[in-house]
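Going down the list, the sequences are from chains Y and G.
Under the numbering used here, the first residue of the first sequence carries the number 1, and numbering increases by one thereafter.
Under the numbering used here, the first residue of the second sequence carries the number 1001, and numbering increases by one thereafter.
What the hints contain is simulated information worked out from the structure, not anything from laboratory work.
Among the hints, a few may not be true.
[Unchecked claim] EDC-like cross-link-like pairs, simulated, lysine to aspartate or glutamate; straight-line CA separation at most 16 Å:
(1) Lys40(Y) to Glu1043(G)
(2) Lys57(Y) to Glu1043(G)
(3) Lys182(Y) to Asp129(Y)
(4) Lys40(Y) to Asp87(Y)
(5) Lys63(Y) to Glu1033(G)
(6) Lys1018(G) to Asp129(Y)
So the chains spell out like this:
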Amino acid sequence: MEVKIGDPTLIKRYINGDERALAILINRHNQRISSFIYSKVNDRGITEDIFQDTFIKVIRTLKKGTYSEEGKFLPWVMRIAHNLIIDHFRKNRRMPMYQGSDSFNIFSVMGDDQLNAESQIIKDQIDSDLTNLIDELPADQRDVLIMRIYKDMSFKEISENTGVSINTALGRMRYALINLRKIISENDIVLTN
Amino acid sequence: MEKIYSKEQRQFELVEAKQETVQFLLNFSKSLEIIEAKGIQFEAMLN
């Protein structure tokens, strides 16, 4: 017949230097403590970590001789585990980690600033249509428009580059835009995304 | 009104810490030595 040695006896033996007593204690309560931790954190890896930290505290307390709850070993260990679980959740609240599940995926409510493939194709199409339209403009107006819009030059720089006055450059820009709008409306071109 | 518990209920699962975790704890225990000097306790790892 197997004689079961009680927790208080094992703790006494362990404090007196019998390391095997600790092995019995850990193996005896392993499943209950691990299952308790797992029921709260729902992750095997974190369960192992908290289980380990719990017993490190237990070992330190017993070796220092500050353990005083004789006969109530398991509830004491459970309370240590419980406190460590709370610490774990507190730490995670500062650094939240989102894990998607079948019913909710964080990426369905989060997006990036990039256009999706369809919008990108439409944008490219508009850009190329606009380039073709600009090619239809008279050369002097086209040059001013390209320098202003695509090369981002000021009207002062444009006037210096083309050898005309600022007012002439402004006038050419104005006519360029008017003519572009005219071509667009005459040909029923839609340039929106 | 009747309550609908459509949310998946988590089953209570029995788990055990791995044997290597247990072994680590036993080794930790063996190597930990508490030294007391003038009423102050010191931890020493005998590795």
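Open item on the list: For lysine 182(Y) and aspartate 129(Y), compute the direct alpha-carbon distance and say whether it is at most 16 Å.
Closed with: Satisfied, since the Cα-Cα distance of roughly 15 Å is no more than 16 Å.
Task: Pair hint outcome, lysine 40(Y) versus aspartate 87(Y) [Cα-Cα no greater than 16 Å] - done: Cα-Cα ~12 Å, so holds.
Task: Restraint check for lysine 57(Y) with glutamate 1043(G), where alpha carbons must lie at most 16 Å apart - done: 13 Å, holds
Open item on the list: Can you confirm whether the C-alpha distance between lysine 1018(G) and aspartate 129(Y) stays at or below 16 Å?
Closed with: Since the Cα atoms of lysine 1018(G) and aspartate 129(Y) sit roughly 66 Å apart, the hinted pair is violated (cutoff 16 Å).
Task: Hint consistency between lysine 63(Y) and glutamate 1033(G) [alpha-carbon to alpha-carbon, up to 16 Å] - done: Given that 16 Å is the threshold and the Cα spacing comes to 8 Å, the pair holds.
TODO: With a cut-off of 16 Å on the C-alpha distance, tell me whether lysine 40(Y) and glutamate 1043(G) pass.
DONE: 32 Å, violated
Of the numbered hints listed earlier, those contradicted by the structure are 1 and 6.
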